[in-house]
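Add chain F to chain V, keeping to what the hints say.
Chains as they are written, first to last, in my numbering: chain V, -19 to 371; chain F, 25 to 412.
Hint data in this document are derived by calculation from the structure and do not stem from the laboratory. One or more hints might be untrue.
As the list claims (entries may be wrong) - Capping the alpha-carbon separation at 25 Å, the derived lysine to any residue pairs in SDA-like fashion look like this:
id	chain 1	residue 1	chain 2	residue 2
1	F	Lys40	V	Lys251
2	V	Lys(-7)	F	Lys64
3	F	Lys40	V	Glu12
4	V	Lys223	F	Thr59
5	V	Lys251	V	Glu307
6	V	Lys223	F	Lys28
7	F	Lys28	V	Glu307
8	F	Lys407	F	Glu370
9	F	Lys272	V	Thr10
10	F	Lys210	F	His226
Said to hold, decoys possible - Computed from the model, here is a short list of chain V residues facing chain F with C-beta under 8 Å:
id	residue
11	Thr(-2)
12	Glu258
13	Pro261
14	Val265
These numbers were taken from a predicted model, which means no experiment stands behind them. No residue lacks a Cβ here, since even glycine has one placed at the ideal position from N, Cα and C.
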Amino acid sequence: MRIETELVRSGMKRDAATGSLTTPIYQASTFEHPRLGESTGYDYSRTANPTRTSLEEAIAVLEKGEVGVAFSSGMAAISAIFLLLEKGDHLIISKDLYGGTYRILEDIVKKNDVEVTYVNTENTEEIKRNVKENTRALFIETPTNPLMHVTDLHEAIAIAKEHDLLTIVDNTFMSPYLQQPLVLGADLVVHSASKYIGGHNDVIGGLVVSRCRELGEKIRFYQNAIGAILGPQECFLLLRGLKTLALRMDRHEENALKIAQWLEEQDLIDKVFYPGLESHPGYNVMKKQAKGFGGMLSFSVKEEALVPFLLEHLQVVTFAESLGGVETLITFPARQTHADIPEDVRNEIGVTNCLLRLSVGIEHGEDLIQDFKERFDEYKRSEVQHKAYTR
Amino acid sequence: MSTKDQKFSTKLIHAKTHVEEPFGSVNVPIYQVTTFNQQKNNRYDYSRSGNPTREALEHTVASLENGTYGFAFSSGMAAISSVLCLLKSGDEIIVSHDVYGGTFRAVTQLFTNFNIKAVFANTTDIKEVEKCITEKTKAILFETPSNPFLHVTDIKEIVRVAKEHDLFTIMDNTFMTPYLQQPLDKGVDIVVHSATKYLGGHSDVVAGVAITNSEEFAGKIGFVQNAFGAILSPNDSWLLLRGIKTLKVRLDQQQKSALELAQWLSDNSQVAEVYYPGLPSHPQHKLASEQASGYGAIISFKLKDEEVAKETLNHVVLSSVGVSLGAVESILTHPATMTHASMPLEDKEERGITGHLLRISVGLEDVEDLKEDLKQAFEKAEKAFSYK
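If we strip away everything but chain F, and leave its shape as in the complex, we get:
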């Protein structure tokens, strides 16, 4: 059975290097090495250019995304930045308006130095995207569902418009993972991930990956990976491979809990709004159901009171309070002051990222425990605030 014919959960388990490993080790060895003996004309010479452990990871993520070429980077931002290096001075790129804060920072403060201009568009509205296209536009970078509001963008529509205008598309698939959504199958050119999140899944590795089917893009990304050198270390590559093996079982459980928690939040009197594409009330619930095989495990919600929202962070016990997501541990985030802190206030307000907003990355704890924890945190927060 070739890797291509394997079902997803089988692909997760069977990472292979190119190397004919002599001992039959069921796991890829960690090649903690910088250089390789050249006496036998090896395929490896220097670990920045290629390392067998990293390569095993790159093959694995490529096969999971139904892609041909995979690249592993030292962080999600290194993956995105390296892919953005495909643009050149004078180019424009259309970016989802509620993109991850780090991506926002890179395109507004870093790539602007190279005269690359980001134009923000609400990618859920294809007409708005079309309006933003100029003769300088080279690419569209989008996330779906987006962070933190989980707006769903129609991948096929974006790809259609991009093809019409000869643009290439970059999609951040971090929130869904290849288990739930496979953008390359829908015609996206390059998929990127913060592998720190669901792919790693254990809050122990910072990493990014990029995957493509195009030989041309692969050549360019590979060149940047080697030239710029934001590579992933062998040990981190190995930890990701280890995390990937349980991607399906983790997400199955996390999604189940997320749906239950989203419904519970919707019924809670302190909650003003819940953003979760798995709820039938979500404006793009139908689209989400069509283009992905699940809804993920990130829920954003607004509390009625901003101070109570902030205070809640001081009272949760089970969820860690922090800025990451996708891990076995639930993580509660206050986007306005954490993930989107680097975004100017007016941009935040325009996007609705107010102090009322909380985001929870649902982990593997029992959902009843999570509910009870949030309930007591809301109550304590309200009490604390009413004293003030």
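Isolated chain V, as found in the complex:
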């Protein structure tokens, strides 16, 4: 079955009792036992809830894994994965990383005596060079947030397998529609489902999918033990969002490419980071390992003063954190998503004060371009006036 069909069937035909086409929302904390020692499979909703099961099974099918596990946020999902690391273990992780993941590594994981090395995973040789005796896992974001560095998953996974490392891929930016890391041999995939999977900026959720059952059950054990579960209503909304994932991603990508190409030609723009541009260093790797390039792009502007001007004046584009929704959002990584990373580290990885990130929505692409065009023109006019005045 093709993924477009699987997406539409997310959560479908589960309710034999009524034939309901959607999964009912089991807003229940507890379940009646048929008799002593018997269970319907559901006892207490932290452990399992029918609506959540429906979502967990759907994401497992979409990512081609064995076990899906739903968490109350993307960070809850990533945190559960980090619990697999024990004292003395070493983790290799992409350098250009989501700020929330960086924070949990620095402030929590490291305290548990787990070693962490940030590596430019774009260069797979660097991964190899950093593998040590105690290296246990390799965590990759590709493309990265916000600079869209692409890691060659085939190569990275081959290195991991050679050294018996667990490979974890954060697939938030691509979604299973565009990229299926488990098929390429990764062990775990993690999502902030708040992004493309939900797709409507209305749910906070996280998902983990495991290629093998045993590892998946370990993650499920943490889910139940710690209890960072996703509520039934949110599970329903994510199932609902999944049904249009393919359509949304197609449109996100179409718009993103148009905007990226247009931005490249603007004199106020320094660089555009979008893996769908042939000029992007990761373009060929993306072609090999993903079905598309997604809807995320970043760009740096030549003058720092343009950043606050844009954030303040854009009209169709909304200045807000988060990504992956139907609405186009613009983010200032240095102050928002990556605020927890020290400035010198930020500048080193390229998250400068001139960088803006765009989560391209599904509005009409021309309206988005026009919004930027008008703001750029206004900025230039105001600059000319400003210069004339100060002279």
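Positioned in the frame of chain V, the structure of chain F alone reads:
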């Protein structure tokens, strides 16, 4: 134990669907779905016609009212309007003269389009009701206690007169809820509720229900519900089921506070009159005690000064100022400009709904806090007015 034998507070807790739900969930699932797979010849096909979550609510309200058939609608007005669809062109209906403003609007501005005529009668006076009956009269629609004056109508008398003249009776039981008053037991044909009020109880759902024991009426109401389609959504049905579980404990507390507050208002120098059936001074206190097991938690009162009454709304802190009632939060209403705004001035004046009148739906706040709040609001209002 069958549902019929259960005591009221037990019935409140145990809603069941028809569906043999496979996981033993203690709560009815929210079937947020429009259509059902027909491969196995299911009892559900399309959610307008039937939805398992809505059905669980419909069964629950039917059992609470000691009825057989329940129907859930998208608002109280949708419930009343759908029931009024049982009338046809040329029919007349007798309606309590101090009926809820929305019902008044429907029967005077909407159903008139279909040549259905409403005749208003003071239903507390059975002779006046009898006088209004013509050969075209088909039904009597009444509320007791009424809104906003809490006049009490003798349910048995209305039913007796209706039966004599072969009329059917529709009663709005919103103010009392089935916990305090069960009209079907007294022979009423159809009970309606704005479930937005006490049944939901949390100011978070707009909904209506209709309940009957008659298979014939049930068939007709069910037909209108499906044909007209003013159905209640699964999520709202579920929220109502959730609210219903605490109906008894909420009302017990609210009634206790209401009686205390009504007595306090009676003793207040700024208050001219208090309308609460639980006060022995209420003209129908005895009747109210006979036909209901409580007096509810709505109090209306008139202040001596109209401007002070209006100004009071600007100074209350604890009560929200608004048009609903029956919630955990106290709500203070100015009927002349809010609930009865759609009623023409002369009709309002005829009914005594002047600017002096305030209505309070007593919530779950501590009654001492409510008293203090009203006291300071009256004082500030008076001061503000005396400056003017």
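Consistency of the hints with the structure:
no.: 1; hint: Lys40(F) <-> Lys251(V); in the structure: 62 Å, violated
no.: 2; hint: Lys(-7)(V) <-> Lys64(F); in the structure: 12 Å, holds
no.: 3; hint: Lys40(F) <-> Glu12(V); in the structure: 13 Å, holds
no.: 4; hint: Lys223(V) <-> Thr59(F); in the structure: 16 Å, holds
no.: 5; hint: Lys251(V) <-> Glu307(V); in the structure: 23 Å, holds
no.: 6; hint: Lys223(V) <-> Lys28(F); in the structure: 44 Å, violated
no.: 7; hint: Lys28(F) <-> Glu307(V); in the structure: 53 Å, violated
no.: 8; hint: Lys407(F) <-> Glu370(F); in the structure: 31 Å, violated
no.: 9; hint: Lys272(F) <-> Thr10(V); in the structure: 23 Å, holds
no.: 10; hint: Lys210(F) <-> His226(F); in the structure: 29 Å, violated
no.: 11; hint: Thr(-2); in the structure: 5 Å, holds
no.: 12; hint: Glu258; in the structure: 45 Å, violated
no.: 13; hint: Pro261; in the structure: 45 Å, violated
no.: 14; hint: Val265; in the structure: 41 Å, violated
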